[in-house]
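Peer 1: This is what each chain is made of:
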Amino acid sequence: MKDFLRTLKRSKWGYIFVAPWIIGFLVFSAYPLWLGIKMTFLNYNLVAPQSIKFIGFQNWINGFTDPLFWKSLVNILYNQAIFIILTFFIALLVAYLLFKISNGNKFWNAFFRSAYFVPTITSVVVVMLVLGNITAPYGPIQTLLVKWHLLSQPIVWNLTPILIMPVIAVITSWMSFGIQAIILLGGMGTIPTEFTEAARIDGAKEGTIFWRIIFPLLRPQIVFIMVMNAIGGLQMFTQVYVNFGVTGGPDQAGMTPVLYIYSEGLSKFQMGYSSTLGFILSILIIIATVITLKVLQERS
Amino acid sequence: MKKYLLVFSIMSIFIVGSMMAVTITIAPPDAQSFNYLQSVIPTFEQQNPDITVQVVAQPNGSQIAALVAAGNAPNIFVGPVSMNYVQNGLLLDFTKMPGYNQIASELITGIFPYNGGVYNIPWMVTTQVMFYNKTIFKLAGLNPDDPPQTFAQYLYDAKKISELPPGPYGKYYGQFFWNEMLQFSWYWGMLEQIYYNFNDAKYPHLIGQYGLSLDFTNPDAHFVDFLKFCKEAQQYSSSGMQQASIFGRNVGMWLQFAYGWTFNLQNSTGGPMIYGKDYGLAPIPTNSTSATAVHWSTLAQRPLIVFKATPEKDAAAWKFIQFLMEPQNELQACEEIGWLTSVKENANNPFFSRPDVKPYVDQLSHVIVTNPFDENPGVTQAVLNAWGQYVVSNSIPTAEQAFQTAAKNAQSALSSSGL
Amino acid sequence: MLKQERNERTRAYIFLSIGLIITLYPFVLMVMSSFMTPSQLLNNPSMIIPMPWTLSGYTGLFKDLNVLLLFKNTIIIAGSVTLLNLFFDSLAAFALAKLKFPGKNALFGFMLFTLMIPGVLFFIPTYTMLYNWGWVNHYRALIIPSFVQFYSIFLMKQFMEQIPDEVIEAARIDGASDPVIYARIMVPMSIPVMATIAILTFMGAWNDFFGPLLYLRSPSMWTVQLGLQMFSSSIPGQNIQVLWAGEVVITLPILIVFLFLQKYFIRAFTNVSFK
Chain A
1 MKDFLRTLKR
11 SKWGYIFVAP
21 WIIGFLVFSA
31 YPLWLGIKMT
41 FLNYNLVAPQ
51 SIKFIGFQNW
61 INGFTDPLFW
71 KSLVNILYNQ
81 AIFIILTFFI
91 ALLVAYLLFK
101 ISNGNKFWNA
111 FFRSAYFVPT
121 ITSVVVVMLV
131 LGNITAPYGP
141 IQTLLVKWHL
151 LSQPIVWNLT
161 PILIMPVIAV
171 ITSWMSFGIQ
181 AIILLGGMGT
191 IPTEFTEAAR
201 IDGAKEGTIF
211 WRIIFPLLRP
221 QIVFIMVMNA
231 IGGLQMFTQV
241 YVNFGVTGGP
251 DQAGMTPVLY
261 IYSEGLSKFQ
271 MGYSSTLGFI
281 LSILIIIATV
291 ITLKVLQERS
Chain B
1 MKKYLLVFSI
11 MSIFIVGSMM
21 AVTITIAPPD
31 AQSFNYLQSV
41 IPTFEQQNPD
51 ITVQVVAQPN
61 GSQIAALVAA
71 GNAPNIFVGP
81 VSMNYVQNGL
91 LLDFTKMPGY
101 NQIASELITG
111 IFPYNGGVYN
121 IPWMVTTQVM
131 FYNKTIFKLA
141 GLNPDDPPQT
151 FAQYLYDAKK
161 ISELPPGPYG
171 KYYGQFFWNE
181 MLQFSWYWGM
191 LEQIYYNFND
201 AKYPHLIGQY
211 GLSLDFTNPD
221 AHFVDFLKFC
231 KEAQQYSSSG
241 MQQASIFGRN
251 VGMWLQFAYG
261 WTFNLQNSTG
271 GPMIYGKDYG
281 LAPIPTNSTS
291 ATAVHWSTLA
301 QRPLIVFKAT
311 PEKDAAAWKF
321 IQFLMEPQNE
331 LQACEEIGWL
341 TSVKENANNP
351 FFSRPDVKPY
361 VDQLSHVIVT
371 NPFDENPGVT
381 QAVLNAWGQY
391 VVSNSIPTAE
401 QAFQTAAKNA
411 QSALSSSGL
Chain C
1 MLKQERNERT
11 RAYIFLSIGL
21 IITLYPFVLM
31 VMSSFMTPSQ
41 LLNNPSMIIP
51 MPWTLSGYTG
61 LFKDLNVLLL
71 FKNTIIIAGS
81 VTLLNLFFDS
91 LAAFALAKLK
101 FPGKNALFGF
111 MLFTLMIPGV
121 LFFIPTYTML
131 YNWGWVNHYR
141 ALIIPSFVQF
151 YSIFLMKQFM
161 EQIPDEVIEA
171 ARIDGASDPV
181 IYARIMVPMS
191 IPVMATIAIL
201 TFMGAWNDFF
211 GPLLYLRSPS
221 MWTVQLGLQM
231 FSSSIPGQNI
241 QVLWAGEVVI
251 TLPILIVFLF
261 LQKYFIRAFT
271 NVSFK
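Residue numbers (the numbering used here), protein chains in the order written: chain A, 1 to 300; chain B, 1 to 419; chain C, 1 to 275.
It is worth saying that the hints were derived from the structure and are not from the lab.
What you are looking at is a predicted structure, and each value in this text was computed from that prediction instead of being measured.
Ideal placement from N, C-alpha and C gives every residue a C-beta, glycine not left out.
Careful, some of the hints might be misleading.
To be verified - PhoX-like mimics (lysine-lysine), calculated; alpha carbons at most 25 Å apart, straight line:
id, chain 1, residue 1, chain 2, residue 2
1, A, K205, C, K3
2, C, K104, A, K106
3, A, K71, B, K408
4, B, K358, B, K277
5, C, K104, A, K9
6, A, K9, C, K263
7, B, K202, B, K159
8, B, K308, A, K268
9, B, K344, B, K358
10, A, K294, C, K3
11, C, K98, A, K2
12, A, K12, C, K100
13, B, K228, B, K358
14, A, K2, C, K104
15, B, K344, A, K147
16, C, K98, A, K9
17, A, K294, C, K263
18, A, K12, C, K98
19, C, K100, A, K2
20, A, K268, B, K202
21, C, K3, A, K106
22, B, K138, B, K358
23, B, K96, B, K313
24, B, K160, B, K171
25, C, K72, A, K294
26, A, K12, A, K2
27, A, K12, C, K263
28, B, K202, B, K160
What the hints assert, rightly or not - So, partial list: chain B residues that the calculated Cβ filter (under 7 Å) puts toward chain A:
id, residue
29, A69
30, T217
31, N218
32, P219
33, H222
34, G378
35, G388
36, V392
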């Protein structure tokens, strides 16, 4: 008992430092969370609260057997498969290039870093508008592709179910590689220069230095990026909402799980069902995160 | 005794007065309405000292749900909201308010009812006519004072125009569809007026009267003919506004020219376009060859709706609506905000008799009042998607197939709406 | 500097320069559009070069929209959120990364879990709660609920874990208590990640549109995103040059914040010395 108290006393600062965060969580997250869990067992109509009824696990059964919900999951996995790989390698390349020039001229260093961060700070509204125009049937990209005979005729990707997720993945990639690059760049900056110097003196080539020394030491940043991809990516919402509204586009090819949850809850006012879907999604995200962590810890 | 009586009377006046002081909020959709409201509210508050009106930012469609749940929805909302709010009894039924009959009788067109009640007052309205470029007509050998009256003539004229060699503004297009907007369900409001004229407005709405079945699937609605027409018209059209539009002076005709677009004519390539000289307006063609055929268009509205709160607030909101609908106020709103008047008295006003505005006012005698509430975006989207895939991207080969696809997807959207 | 290194660096400059086309195109288009006449915006927006150039977008912006007030409001909100986060998040990250206390891992796991619940579910209960507290139409509704963010704590934790334990042990032996270690060691050594978090948090708060739309009723309290959106017209084409000018103007502060903070990046990197 005395040992326990002593441990607690020594950990005092640990608890104090995390306390603000815990308090914030309890106040702003725990209560809505608790409400949400309760709602999953009700058929709560948001605008007709007097008609609340307890329906047990009915919402959960409906959720697990809802074909549109599973379709939205397939959609988001399709989207994320492309997005995660594309963005990560672009970010890695950009971070490395920025790292290579970080010893050089200070002005150009600042310029290039800022320039490559610009896509991230451009507002989503402007991005969707401009990139929407660029990728339109007679926009610059498709005109070039047709001229180079890579495309037989311009495509309206907004109306072609199979192209919707890939194009949105590319657009999101454009918006997000900047953040990932900055994080990786931050990681590269903490690698002691002695390691790379030594390797260079030993005559190692650039590729070897990168993959054998730099890349493995970026592990903490990579873990962070991949976990956040697993968590955040599966919750993609804004891009599809701005583009298609709550209907999810042709054949619901643009429907993501969160868009579906949003439409069930806030358009159809079915709060009980929408909460249930939210929790089912959370469970799936947990599974995805655990898998991601396990895979990344394996490599040593 | 007298002193206590005096104090008591003063206190009661204050208490009763403060009980009667009511604050209501109104949420307009854009900057012009916002500014207009700010300018007229002082007049209203002077006439009604116990009411304060506050203009607030219009919440996003789904945020309304959060506001309603908390009890903080705006009292007056300008613009469409989801049908769900009507069906769940959250909106004020204006037929129950005193003075309703007078307002209703002053309107040019009827109001879209729901279940025997009326839940929106059309503050301002708009409709579409056909825009055609007279200069291009002359170039193509077409009579600039004889715009096409049937769809067959329309296609003939569009074809002739698109065969012209390129001019000072580039390649000529016979007509135009704003295809970039196909991904948004509101865009059906810009195509349905064409569809009306394929069935003499007998089947104007996609969804039937009771919201339980689809109307456009009826063979007499001629939906397939409508699709075929659009497909052929698209041949003579640019891919969208990015490529070419009427404002570039190289597009011959446009069937989606609502009143609000008039402003943009000032920004046309090479200077503002002049009515009568550069362009003309005519009713949308129809598929009937009869000389007495009616040319239909939609009546799109700026509806005023009220979220029910307390009886005092509802009464105050209604008072403000009546104020806004007074002819001179409504006229000022139309002038500042750029919509057509919904009030009979204003239709004869010189402002609406101008030659480039009169065609719209005349068209108001042949409009179909559309549902001002978002009924089922899934159904609309299904129709738009099929239209787009057949007419624009060629991924559905025949009109019949496009019709089947639209019908199938619309039906499943309807069934899953959980009514 | 070895010749090989210099070659690698030159190559990097070349690739980065080529990549600028893709990276900056939308931004450049946005800036160019803000100088275009309404006629060009309607008919030839993708021409990139304004012909003719005009400042009507910018004059309209400052005349019709009270831009300075919008900026002031947004800076208050975004600045507060950023400062609060920098302080509280780094404290929690330090505790998670370097301090030992029972239940630490469970706590971290549980908090990670909360990120996995879609924010949509919190939206309505949170609004009802804040409305009942009377926080609607006050800045605090946008500041207090966001004063800590797990995303930032997670990133800082990853970074702080790399700081060698020996440094901390040495300080402990010298008798430093945890708060002193935090202030004297952790914070100075975490400048790169704190700069990153500052940028991301500020940007998130600056670009937030839905929050202000929901919680800020009076126009005098509106933020830049909200003010710009509310300024848009339902008539397509009206005021469009003002909107583009507006988009440019509201992107500038973030660019400035980034330019300013990434100086600390460089300084931190050149000072890093792990022995």
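Peer 1: Given the hint that A/K71 pairs with B/K408, test it: the Cα-Cα distance must not exceed 25 Å.
Peer 2: Holds. A/K71 to B/K408 sits at ~18 Å (cutoff 25 Å).
Peer 1: Regarding the pair B/K344 and A/K147, is the alpha-carbon distance no greater than 25 Å?
Peer 2: violated, 56 Å
Peer 1: Does C/K72 pair with A/K294 here, judged by a C-alpha cut-off of 25 Å?
Peer 2: violated, 46 Å
Peer 1: Holds or violated: A/K294 and C/K3, Cα atoms, limit 25 Å.
Peer 2: Violated, at about 41 Å.
Peer 1: When you check the alpha-carbon spacing of C/K104 and A/K9, does it fall within 25 Å?
Peer 2: Holds - the C-alpha atoms of A/K9 and C/K104 are around 15 Å apart, at most 25 Å.
Peer 1: Holds or violated: A/K294 with C/K263, Cα cutoff 25 Å?
Peer 2: violated, 36 Å
Peer 1: Between the alpha carbons of B/K160 and B/K171, is the straight-line distance 25 Å or under?
Peer 2: Holds. B/K160 to B/K171 sits at ~13 Å (cutoff 25 Å).
Peer 1: For the pair supplied as a hint, C/K3 and A/K106, confirm whether the alpha-carbon distance does not exceed 25 Å.
Peer 2: Holds, because 20 Å separates the two Cα atoms, which is no more than 25 Å.
Peer 1: Could you grab the alpha-carbon distance between C/K98 and A/K9 and see if it respects the 25 Å cut-off?
Peer 2: holds, 16 Å
Peer 1: A closest beta-carbon separation below 7 Å is what the hint needs, so does B/V392 meet it against chain A?
Peer 2: holds, 6 Å
Peer 1: If you draw a straight line from the CA of A/K12 to the CA of A/K2, is it 25 Å or shorter?
Peer 2: Within the cut-off at roughly 15 Å; holds.
Peer 1: Would the pair B/K138 and B/K358 pass a check requiring their Cα atoms to be no farther apart than 25 Å?
Peer 2: With Cα atoms ~24 Å apart, B/K138 and B/K358 stay inside 25 Å; holds.
When the structure is compared with the earlier hints, violations turn up for hints 2, 6, 7, 10, 13, 15, 17, 20, 25, 27, 28, 30, 31, 32, 33 and for no others.
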